[in-house]
Amino acid sequence: MDAVYSIISAGVLSQVFVGLSRTTILFIVASGLTLILGVLRIPNVAHGSLYMIGAFTAFTVTKLSGGGSAGFWIALVIAPLIVALISLIAERGMFQFLYEREHLMLLLLTFAFSLVFGDLVKLVWGGEYKSVPVPHIFQGFVPLFGGLPFPLYNLFLLLAGPVVAILLYLLTNKTKMGKIARAAAVDREMVGAVGINVSRVFATVFVIGCYLAGLGGVLVAPTVSVTLGMDHNLIIEAFLIVIMGGLGNIWGALLGALIFGLTQSLGILIWPKFGIIFPYLAVVVVLLFRPTGLLKSTW
Amino acid sequence: MKKSVLLSMSLLLFVGLFMVCPLTYAQNTIKVGIVDTYTGPATTFTMDVLDGFKLAVNEINAKGGVLGKKIEYTTRDEKFKPDIGLAMAKELVLKEKVDILMGTINSATALAISDFAKKEKLPFFVTFSKSEKIIGEKGHPYIFNMNENTAMVGKAAAVALAKKPYIKYWIAGDDYEYGHAIANSLWNNLKKLKPQVQKAGESWWKVGEADFTPYITQILAAKPDFIIAATGGAGMVNFQKAAKATGLSQKIPFYQHTAIELSVLKPQGQNAPEGVFGTANYFFYYPDTPSNRAFVDEFKRAYNREPRIGALSGYMTARFIAAGYKKAGKIDTEGLIKALEGMSLDSPVGPMAIRGCDHQLELPMYFGVTTKNPKYDFLVAGDVQVIQAKDYMPTCDEVLRVRK
Chain A
0 MDAVYSIISA
10 GVLSQVFVGL
20 SRTTILFIVA
30 SGLTLILGVL
40 RIPNVAHGSL
50 YMIGAFTAFT
60 VTKLSGGGSA
70 GFWIALVIAP
80 LIVALISLIA
90 ERGMFQFLYE
100 REHLMLLLLT
110 FAFSLVFGDL
120 VKLVWGGEYK
130 SVPVPHIFQG
140 FVPLFGGLPF
150 PLYNLFLLLA
160 GPVVAILLYL
170 LTNKTKMGKI
180 ARAAAVDREM
190 VGAVGINVSR
200 VFATVFVIGC
210 YLAGLGGVLV
220 APTVSVTLGM
230 DHNLIIEAFL
240 IVIMGGLGNI
250 WGALLGALIF
260 GLTQSLGILI
270 WPKFGIIFPY
280 LAVVVVLLFR
290 PTGLLKSTW
Chain B
0 MKKSVLLSMS
10 LLLFVGLFMV
20 CPLTYAQNTI
30 KVGIVDTYTG
40 PATTFTMDVL
50 DGFKLAVNEI
60 NAKGGVLGKK
70 IEYTTRDEKF
80 KPDIGLAMAK
90 ELVLKEKVDI
100 LMGTINSATA
110 LAISDFAKKE
120 KLPFFVTFSK
130 SEKIIGEKGH
140 PYIFNMNENT
150 AMVGKAAAVA
160 LAKKPYIKYW
170 IAGDDYEYGH
180 AIANSLWNNL
190 KKLKPQVQKA
200 GESWWKVGEA
210 DFTPYITQIL
220 AAKPDFIIAA
230 TGGAGMVNFQ
240 KAAKATGLSQ
250 KIPFYQHTAI
260 ELSVLKPQGQ
270 NAPEGVFGTA
280 NYFFYYPDTP
290 SNRAFVDEFK
300 RAYNREPRIG
310 ALSGYMTARF
320 IAAGYKKAGK
330 IDTEGLIKAL
340 EGMSLDSPVG
350 PMAIRGCDHQ
360 LELPMYFGVT
370 TKNPKYDFLV
380 AGDVQVIQAK
390 DYMPTCDEVL
400 RVRK
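From first to last, the protein sequence lines stand for chains A and B.
For the first sequence, numbering that gives the first Met the number 0 assigns the number 0 to the initial residue and increments by one for each residue that follows.
For the second sequence, numbering that gives the first Met the number 0 assigns the number 0 to the initial residue and increments by one for each residue that follows.
Please note: incorrect hints may appear among the correct ones.
Said to hold, decoys possible - Listed below are the simulated DSBU-like cross-link pairs for lysine-lysine, each with C-alpha atoms no more than 35 Å apart in a straight line:
1. K121/A <-> K191/B
2. K371/B <-> K337/B
3. K325/B <-> K62/A
4. K121/A <-> K78/B
5. K94/B <-> K325/B
To be verified - One side of the interface only, derived from the structure: several residues of chain A facing chain B at Cβ under 8 Å:
6. V133
7. K173
8. N232
To be verified - Simulated restraints, written as ranges between beta carbons of each label pair:
9. L97/A <-> D331/B: 39 to 47 Å
10. W270/A <-> G341/B: 48 to 56 Å
11. M8/B <-> R199/A: 43 to 51 Å
Please keep in mind that the hints were generated in silico from the structure rather than gathered at the bench.
It should be emphasised that the depicted structure is a prediction, and the values quoted were computed from it without experimental measurement.
Even for Gly, the Cβ is constructed at its ideal location relative to N, Cα and C.
Let's have the full structure, built from the sequences with the hints guiding it.
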């Protein structure tokens, strides 16, 4: 019986860690989404597609650099930049003319982009499954808690999450651009009146947000098969996290991602067949008690 | 613009659209309407079916077609949604007036279209749906199943696993009909062939689950001899990746249908787990016969990739349609059905027949294990055992008994 208990608690601890590694991906993507939502007031439905493009680009970069481990690290640097470039073109080409429009318009525009991107990915990469290999130093597992295996790559994700969170915090709170962006989120007219080029601020924030989406895509690629349809799965989760955490609030995105990731992984332990409902239940509960999100939103 | 001008222009446009739209192909062609999923992860399989079909159709048309008529086809994307699929099928039959319906990878859509085809008395060739209900309880004379179904897979795997020394089994898989059907068929047949086997437990995860670590730790803790992993298309690669990352593939052997198939192994390159057992109905490298090699070369020349099982299904569907009409002597549904029952054609992997009683294509099934091969930069099936159709197909009695 003791063995069962020790396995149960080892399993629970292991599950918590698995949930936390999932949180990393969710947080990175959601933080980008919330940044764009908070500052630009654009609900970027195409965020999921950019995440998918990030994953597919990582595949191509890895393949072009010979398929070895170095490929993954190169992809980690390049792929999000490519996604950022695509988003810059979209922003300068279309979005910048539409900031004054109502949100529904912007939502529809980003939705249209998500459809276009989805089909572009199919055109460029085809329908076959793709796979990005786990880099050599992260292959294998470490026997944590009671000998249960925990993949090394998940450990990497666990550590990458807080790193990105800290970098984002420094970016938004300690840099001039960050402070201007936060001001623009609250009152863009005032920022413009003070003489700052609001359009350029918006472009920067949009590109950074989309860079994060691409980064999430690259990081998730070694753990799943890179397929069409990745965008739809993720965008719903990302939006729910953003809403749970408070629109525009990066710490809210972290909190939301934590709740989502942990309820997802622990839910599987409690009720394997219906484990998937737990994160959504959590969203319902949070919104019942705090309709505007857990933390302060910028709207 | 003046109202009258606007009105007349739009009327003109309206009429023009009707004239330009392909109303009816001349009666001098055989029309095949293909409903399938061309969006999302399933596309990898359905493009194979279409390309294999096109390859055969081009061959047949180049030789003058069937009874002097060329085969024409048109596709509709159902986006993996049965209601859209059924609507597309109806449009194909009622508006495009197709002679034959073909498709789809979605079993629910296949069943819906099958029902419609039965009412319209139109032949429907199922190319990638694996539900046993298609020719089982919901079967009827107008349906032809050109790929394997879950009952057959389970029995074939059971035949192979019964010869192995494993006793304690863990059953896991995607929590939907496909997963449960394969697992049930496998387990029931295995128990019949080898009564000593025991079930140590079961775990089922949602379709599209990306994180298997919790389930894998649960299974490792139970220490079974063998795992039956009834994963579906998209889950195959994810499960194999997770099995490798957690070390499961080195600790406990497991089986998945199509684990040894190109679509699962090629994307992973040299990183796919070794020692995974699986069943599949086609390899481009086995059997290494002249006819298989010729097919592979032709396919590669046309589409720049190796053919997989979907390609074989699509290819043989076109071949059977052509041969069936030819034998019937006219483009007639009842004639086609009668001609096809029991007809055997030469395929890239040997002679293949459509069983008369239930219209199931008799495919060979291969059981093997994932192995590295210096000739390819991906893993292939090793230790291949061939399980003949007659050894793993349910009997005519068993099939017809459940039909309503």
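Status of each hint after checking the structure:
1. Only pairs whose Cα atoms come within 35 Å are accepted, and K121/A paired with K191/B is rejected, the gap being roughly 45 Å.
2. Under the criterion of a C-alpha separation no larger than 35 Å, the hint pairing K371/B with K337/B is inconsistent with the structure, at around 45 Å.
3. A hinted pair counts as satisfied when its Cα atoms are at most 35 Å apart, and K325/B with K62/A does not qualify at roughly 48 Å.
4. With a CA separation close to 13 Å, the supplied pair K121/A and K78/B stays within the 35 Å bound.
5. Between K94/B and K325/B the alpha-carbon distance is near 26 Å, which keeps this suggested pair within the 35 Å criterion.
6. Below 8 Å, beta-carbon pairs count as interface contacts, and V133/A has one with chain B at about 7 Å; its hint therefore holds.
7. Below 8 Å, beta-carbon pairs count as interface contacts, and K173/A has none with chain B, the closest being about 34 Å; its hint is therefore violated.
8. With its C-beta approaching chain B no nearer than about 7 Å, N232/A sits inside the 8 Å limit, and its interface hint holds.
9. Distance hint for L97/A and D331/B: a CB-CB separation of about 59 Å, inconsistent with the stated range 39 to 47 Å.
10. As the Cβ distance of W270/A to G341/B is approximately 50 Å, the hint placing it in 48 to 56 Å holds.
11. Look at M8/B against R199/A: about 45 Å separates their beta carbons, and that is inside 43 to 51 Å.
Violated hints, listed in ascending order, are 1, 2, 3, 7, 9; each of the other numbered hints is respected by the structure.
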